[in-house]
Amino acid sequence: MSETPLHAVGYAFNVFDAGDGREFRCARCEYTFGPTTTDPKLGAVVAERSITESSELNRHGAVDDLVLREFYCPGCGAMVAANIQQNGDPVLREIELD
Amino acid sequence: MYRLGVDVGGTFTDCVCLPPDGVPITAKVPTTPGDPSDGVMNGVEALAAKVGLPVEDFLARTERFVHGTTVGTNALVERRGAKTAILTSRGHEDNFIVGKVFQKRVGVSEREMVHMSRLEFADPPLVPRELIWGVAERVDYKGAVVCPLDEDGVRRAGEEMVAAGIEAVAVGFLWSFMRPEHERRAAEILREVDPNLFVACSAEIAPVLGEYERLTTTVLSAYLGPPIDTYLNRLENRLSDRGFKHTLLVMQASGGLGPASEARENAVRALDSGPVGGVLGAVFLGALTDRQRLICTDVGGTTFDVGIVDGGRPLVETTPVVDKYQFHATKVQITSIGSGGGSVAWVDETGVLKVGPRSAGADPGPACYGRGGTEATVTDADLVLGYMDPKNFLGGGMELDVAAAEKAIDRIADQLGIGRLEAADGIRRILDSQMADLVRRTTIGRGYDPRDFTLLVYGGMGPTHGARYAADLGVAEVVVPADATAFSALGMLAAPLLRVFEASAPMRSPLGQDEADRITSIFEDLESRALEGFANDGIAASDVDLRRIVQLRFQMQVHEEDIEVPAGKLGTADLEKLEADFIAAYAARYGEGSAYAEAGLELVSYRLEASARTERIELAPSGGEAIEPSSTRKAWFPESGDFVETAIYRADKIGPGQKIEGPAILERMGDTVVVPPGTTATVDGIGNIHLDLPAKADEVVTGELDPITYEVVKNRIWAINDEQAMTAAKISGTPLIYESFDFNAGILDAKGKGVCAGVYVTYHTTGLDLAVEGVMKTFGDRDDIHEGDVFVTNDPWVGAIHPSDVVVISPVHHDGEIVAWTAIVMHDPDVGGPVPGSFAVGATDIFSECPVFPPLRLMRKGVYCQEVEDTYLRNSRTPALNALNMRARLACQSVAKARLGELIERYGIEAVTGTFDRIQNEVETVISNRLEEIPDGTWREHCYLDHDGNDPILYEGHLAVTKKGRKITFDFTGTSPQAPGMINGTQSALRGGIMAAFLPMLCYDVPWATGGLEPLMEIIAEPGTLNNATHPAGLTGGSVFGEAITENLVSSCLGKMLASSDRHRDESMATWYPYSNVQVVAGLDQFGREMAAVLLDCAAGGAGAKSFRDGIDCGGWLESVSIAAPNVESNERHYPVLEVYRRRRADTSGHGKYRGGVGMEIMLIPHDNPMPITDIVIASSISQPEAPGIFGALPASVQGNLVHRSSDVPAQLEAGRIPLDPSEVMSESIDALEAKDNTQLNTGDAHFAWYSGGGGYGDPLERDPELVVRDLLEGLCTPDVVSGIYGVVVEDGRVDTDATQAAREGIRARRLGDARPVKDLVAEVGTT
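Each protein sequence line maps, in turn, to chains P and V. In terms of numbering that gives the first Met the number 0, the first sequence opens at residue 0 and continues consecutively. In terms of numbering that gives the first Met the number 0, the second sequence opens at residue 0 and continues consecutively.
Keep in mind the hints are simulated off the structure, nothing from the lab. Just so you know, even glycine gets a beta-carbon here, dropped at the ideal spot from N, CA and C. No false leads were mixed into what you were given.
Okay, the calculated bits of chain P under chain V, using three or more residues with CB under 8 Å as the criterion:
1) 3-11
2) 51-62
3) 79-90
Ranges between beta-carbon positions, derived for each pair:
4) V/Pro976 / P/Thr37: 24 to 32 Å
5) P/His6 / V/Glu348: 15 to 23 Å
6) V/His1030 / P/Thr37: 37 to 45 Å
7) P/Asp64 / V/Asp935: 35 to 43 Å
8) P/Ala17 / V/Gly1312: 28 to 36 Å
9) V/Asp1061 / P/Ala17: 13 to 21 Å
10) P/His6 / V/Asp34: 51 to 59 Å
11) V/Glu698 / P/Ala17: 54 to 62 Å
12) P/His6 / V/Asp193: 53 to 61 Å
13) V/Lys406 / P/His6: 35 to 43 Å
Chain V extracted, bound-state conformation:
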């Protein structure tokens, strides 16, 4: 009998047949995008021909047919899925559209996400807003029904969906995984309305906590289900017609196989399964060669993919991303970057060589393809270096043009002022270092040391580069599989039939026998479902392996670990072992001491992986014998610094056991294995090539730093910065950090000047410089800074933005000298003082706010000063969370210091410090050039801050930005004196506020080296003013007020400045969501624990309009690239509240040709807690509209907070109604909260809040009328605005063009009729 594997790729369909003799037969045929089943059948015919049988006989003798398909991925990317609707809980219809604010940066690399004017949500969304229906129903965090399901409403929605031509419906209700009955009943009703509707329920598709990810998973399944169903039906019929008698098996992203019927029901499982084949091949190869730990690297033309196999199993992730949508599914983890053979090399304006991320693609492709491409690529460099035979590319199927490659490389060499070979080798080195960095991030980021692994290299370019990036990683062994096509497809053939089931039922420690019984019961239920499925496939329970996995975390943390539990009935001893295993795994991944067991554990979800054992595939031994080189060729190796006459071997002729010493090149049909000097190649018994690498050599550089080493070391420093920040975010226990990333980390030079900072809260970047300066001043002056020291401060007059921001700083020593600093600042939830959360509403100065400590030594020569931490924690209401954050900071510092040490060891101190200097020079050069290109001039703005925490006074901010040549001056003269309250900012907030706008608007493509920007800037701010406050001003709100007023002023001025340049206009934006509207809830939570928490719904203000597009609705703050608004379920799980609705608010944006993004509105009530909740509001822009519009656009609206006392909201919910506006609520009274307020919420009270949008751009009368109508239909603006501000006349939902033109002319005429000359007004009031 035969076994077949067919994997449909973008270009080729790879096919493999495993006959009884174990010698694989392969075929490669073109993919047929119109109907991929044509390509599959062509592949089957090709295999049948090679086997020597008619297709019908061949398929009749085939017992297993495994299929990997890209139909789902293609349908998603090309938006060719089913016309899909969403049915969700009323009041939460925008959940899918807003994407937790975070969607704008999902799937975007750290290097790209800093370009904020280019960030967008999924466009277009898979389901537009008009196809989302809400229905009254509500369940709470315990699974209790708060509002019954409106069945008539479901039926009405179903009828409307059918009328709209809907083919598939995703049903996703809040907390449905705790009580799925509402979703099930809704699905029944929808099927009654139309039995042909494809209906997917979130509690079935992804029964886990987190309504956004649960819903996206369900939408993806609904969207892709019908096209996958159609395709698989067609393929099954064609195979069956030609003689195949068994069940078609489909490759799943989970790493297993499933019957085609299951791929239809949960299509998301087959999504993005293509790259998984290579990892499964690694599993297969590892089993054959007795290797359990493998790093799988696939180097293609445009991308580089990395996966990990540990213990013989692929590592999986549970919240993968596809096309901007983060969803929930068990998926083999693959990490990718845009690096490959087609990556284009280029020289930037400072004379530094860069490679990628742009690719030449397949057409025109690299210059050497001879298809018109002229840009140098990695493939051209490899050809010039002699690694590739121009006549043997693609097995001789295509001859490469060496002269074209040389010409392209010469252009790069000329720009760099170096020779051709040096340039080509530089391109290779940079690509190899990028790939090594991704492997490091993938392995070290998960707590693995790459040196403990075998590196597997495949893909067209992998064998050419594998030995080099392996050496960079310190890996000792590289394996190049015998045949990449057969390798991936064989991996699929060897994969088990796999069924993954999940359940979510949060449980907290202490864990006793009751919990053990519940867990046993959950797994037994999952096991019976799994075994029933296998029984239907004819597989006996005895042939099924069951693996029970619990996902758990510390109660205050978000990062989960998978821990296995044994089969059978669980007891307390099993749970004790579960706890111990978790703590050990956590410490192993995040570092010794990072586990904070005192926090207690939370069991989050339960996963069962059920796999049917498959017959082991045995491969026949490969042939060959000891051979001599077939020829020699000149190839360039940096070890010898010149061309070397290099032995060339036909790899398929090399016999098992023969050793070949590098330098050598082993040529195969589809690739070339480069064996560098010092490396030994051998071939094993089944044709795989093993490379044994020499001990890692250093590449110490002395003297002048060459541009290629600079680029390599610079990228490494950048990667270290990414790693240190993510280390901290993973360990922290506060949603402010792990969900909203209110922190930042940086690397600074020996003088304390910033070299690079992370893509998190940008206003922290310059505070780090100041904090290091403060430490040097305090301790350096007395020569008291030592190796192993760590310092801490929360002093805003030193470097913190406000006292909640605790900064930890470490010197990095080399040979006894300080050569660098690493620093991290992180917001702690409460640092003491009279007000929970430490935003000291009512304070008059720092003495009445909270403790502030100047730089203190937290660690002396490596010994921790516990008394310092104890003193700090003693003042806090949240000592456990603060302690956890302190561990996060220390781990971050430890990682950064270790990595910098490794870098110094490898490249030498001169290369590292030289790179620090050059990064700063590069940034200075690039940005000063950019400034030079902008016309000289002055741009002004003013804005207000309302309420100082005591009185509702309006304070003013003024800014004049003057740009002359290559310099820019920020002059804040005229800004109000510092206030007698908590809103002031110090120098650190002032400088941070400038950077928060300057970095994303002008520095979007360079490291954030603030040290390089300093020489370009002058800042004028009078001491004793609102944003340059002196001691003892109150400033616990410095981060959201003193900083924000600066940021708003700067962003508006820069928006106008950039718009004055034709070249830089596309970077111009209006002001984003101007001020926070923070709500802190405090008191006791529903579990009786002390609580002081910021509700981060307030992250969802609107983004500023761009010069070419509307601002992002609910796009967040400019200063926080990575901000996220948490799931409603996340809030309700932690805090005693219920969010009645959360949706976009009409008319919060600034209207304009391009409007600002709108902000969010919420209504929440106390829930499941009879105790009053302390409700603290810290906001601005309550009295005055901020976020100014520019060039004739209007500003965004004010924001606000209304509390309806003793309302009927709970009664309405119980009666089956969900109010969607305060006007639908009856209450005894309404309190309009002041901008800073401190009140209480009692049972029955309802807090209604809305958040400002972003400023607009250009005259609203210039807006495309069609966009105005779209906004009206989506509920983003009101009819009065449509006619009064936009002058658009709408008839039956359509624009009346003639009437609109007339209306607009009428508005212009009215404007002029109402107006008077400005000079008259100036005569009365003057000018600024």
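Chain P with its partners taken away, still in its complex shape:
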């Protein structure tokens, strides 16, 4: 186990040695999202919003068909991912490290 990160992943996550493997932690508050073999997003919380919340210009787009999914760190509220998808689409897994 180490208390200094092995490496960062963007500005959102740091990778730590957890003894029995590696884990993603929040780069802001060190909340543990889970093992690096699983997308950290799956350990986050999510809010679904209108696509107009990311830009007022999106009112010209398919507002009713699409959704803005914002993923936050449960520990501190930092936004760690944001995806625009069709309503009801599966959650996009983005990052998994071996």
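Guided by the hints, dock chain V onto chain P, whose structure is given.
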């Protein structure tokens, strides 16, 4: 009487005095950066002392004082110019900031521009956005007033400028060169507001077509005018106080002299004039020694400069670049690269020796300087090879440390596993080959054969290396001037007083007497202005030479040629000769058959060069006699493969006519002339050293390729690739090619594997491989590929990205065998089918799109198959433009084949094919090492494509990138089946889309040898899907959709992958401008001609954010390094439209810690054409925001097209108002166009379009609040975004830090309050 020349350089101020006896007296004093006039006066005192007169008497007897100064250049580089504002046409205030998208790569070499995460606009800009004012006014392409000048608005702007402390104003209105009255009146008003304002008007400073270049020139003049004025005033006063009674003359970049008063008024003329002195010295020396054609080469410590003298005149350019700004001025052409004595040698990770471009500079300098430098440099290599005397460096002023040089070279030798001398000679060879390549590019690129020239070498290191790079070029004679200091300064003294005047009044053929009269009138006006100026200087008209030059081009091309016309009243015979001279000059420069006279001519601008004849300078004969060597020294020459006891001569003692056979070394005060074996040196009557070179020897390599020959041959192949691409771009007649570079060219090995490809549209790189494979399959299988054959195809199932991309392929034979291929792909404006422009909106399959032809033979054994081209052209609406593009392709192929042939002749076939293999191996090694350093894992992305050309359906793309060890897999499983419309892409678009992201993000420092990347990659894409479509899918939009969806997916995944590595994080970027929003205008243009044209404003989407900085606003597409958005004047000149506004659009970017670049918005109306315009839109990201943000950033906005029918825009313009938003427009109705649409624009309609930005990077709440406020003030984001997304509280234009912190905490709390566990959502919808 005396004549003085004083040239202020970065380190030294060089001074020369020419007394009546013709024996120059020189002095060199340190430059005084605080006040350069101190150095000038020190130099004058030094000269006076040498002459033996008190300074006052010396200056009183001085009749001419010529001054070259770097004050302007330094003020620009150090941003110490005047506080400058811009006053421009309302709606076009961002013109200067956005720099035509192109600014990010201006002045950047081909080798550096591929590193796209490092490209930026000018930073900081000379004029920030808050100091740019717009005022209502508008003139059209004919010079007609469309909107009157708002004089009250000018006055208000002036008052605001004064309140802001502005010292200088650049006034630049659209089309002002056609009607300068608005600018003149605005300048009057500004001077009324504050008589102390320095005001420069674009129509006065650069009266030429092209508002961006005209404005940058004006800004530079305004920015530099006050500091140059201050400096010259001070110098004039000091000289006058000490006795000088005449007019101070200032060296101009144009190659002539002008009175100091004119340098103040148009400061840009004095900008970057320093290196011009050497070229003027060449002119002077050429006149004395009866040599009219000279290549001028200056090898300094850090740079290598090349200029050309032809016919006794320096070659000039009209759009030079300084510090990222391309401007308009007549300037002696100097081309430079970072190569010189201080260039550092290093060994890359594949064991290949490299030299430069980094320099050790002056401190610590080369290892041999003994100032702590440990890296091996070219100077260290020269010392180790025995070319330099360690005790005679700088005339004995500095002793060199041989042991330190040997130690540094040994480190290189050890890494290469070779001996010290071999390594030192390798460094020399690589530097010499780099310099020879630049000379080739400078000469051959302009249609000159370097073998027809004498090579002039100067600068501290030039004489040491000149004979070697001259031999590489096949030049027969080298001249080393007697004294480089005196040489440059004497050139300045001998230069004429020169005034250059320009006017722009486009005229098209046919040209008759009316045009001849207009041209005569233009030149007579310019001549009267010139002669009036000279009369004010006391120079009679009889002493002035007038040279009339017309700049003209083919109507469909951008590249202009300067052609002289005679004095007096012109007649039709003169114009016929002008036309013939132009066609001949064009063919001479770009190759036989490249001139397309059927296109007709366009006269663009008119330049008058007025020069006052000066008294010829005669130099006294030099002395000396036949002498023996002063000593001998061991020096290493590759011809003997060992040290040779070499004769050393004191060059200043050698008498005229004495012949010295190489090997020999001639030592002088400041440099060393190396005379290699086989070369003969002689000294002429005025002290210049002439080297006569033996016939060019070959350097054929057999057996194993050594690393040094490899680097030399590799650089040559790269340079050939650059040359073939630029040849094509110059000949093409379509803005898509010459302005936006929608093409690419490559060199492939005998198996058709890519060796290198150009820095143009990157998705074409792998299509070239596939096209060659297709030709081999079609013709090779039946053993039917011959020397002199050329093949053509536009088949997307063979190698084109979509049918508009026509690929031409040629085998390169040697001894009857195919040893390589060259290929070029170029987008033609229309290749037929039901829709103008051949983006077949409404098609359901390829049969309803346009003709597609598989590989055909275009040339059989050197004989052109005209019937093939005729068949192709018969289907097009733009046959003339397509024909011109075909010539461009053929010229490109011809150049590449010829150059490869020369390379084979010189180095042997084994060296060339061995280099092909090794380039691919090098690329494979470097990139696989890079992959190895990144953690193993999988990164996913998805995105959409909206509308298939028939229905507004959302199609999906999916990608999982898995990196394990040194391999990378791109798996597109889950991507939608191919669509029943024009948006699909084939294998070529799929592979091209991958490369468009992979090359700039991972391969930014190696040749783009796709053959070397293949072994590292696996691609999984199910046939019959959107980006791997099968016949007969529709795919005329394959380049902008099928390819783009792949590129977007790959760039986002690679951005996340690179961010997972601490080492490679800085290469990580979010997705750039994701999809095109292309507008095609068709029908008849304002001249009644058939038209089908892509408006390239749509190039101005925003770049993706980087891991360390915002994306570039209006930075363009990732796949097109060289993309440019044309000038508004360029669009309006060609097409019947008027662009009401064009500016950056707020909130188009993805918000984040680092935000994406914002995109552009435009509003255009039909203009000067009563006929309806067909208005075709081909876009995506209209329904859905694309360009995803990464690591918590938001995606960019959607883009769109709104057409306001029967609007009041024309009436508003006439009434003096410029609307800046659709909300300011009244109209009968508004049509929101679909992503693919085909409509008409009638008079009164207004088309409003905006383009997406790039994705963001990181949580927006982490963004520096100061940057948020900056964006707000620049209009790049709205107040709602500032508070709602960024959580920044602004009070009186400043950040309230405490309130911001609280607001951000509040947003985080709200986020958590709104959210639920992801696992709950997954339980409902699952995961990908």
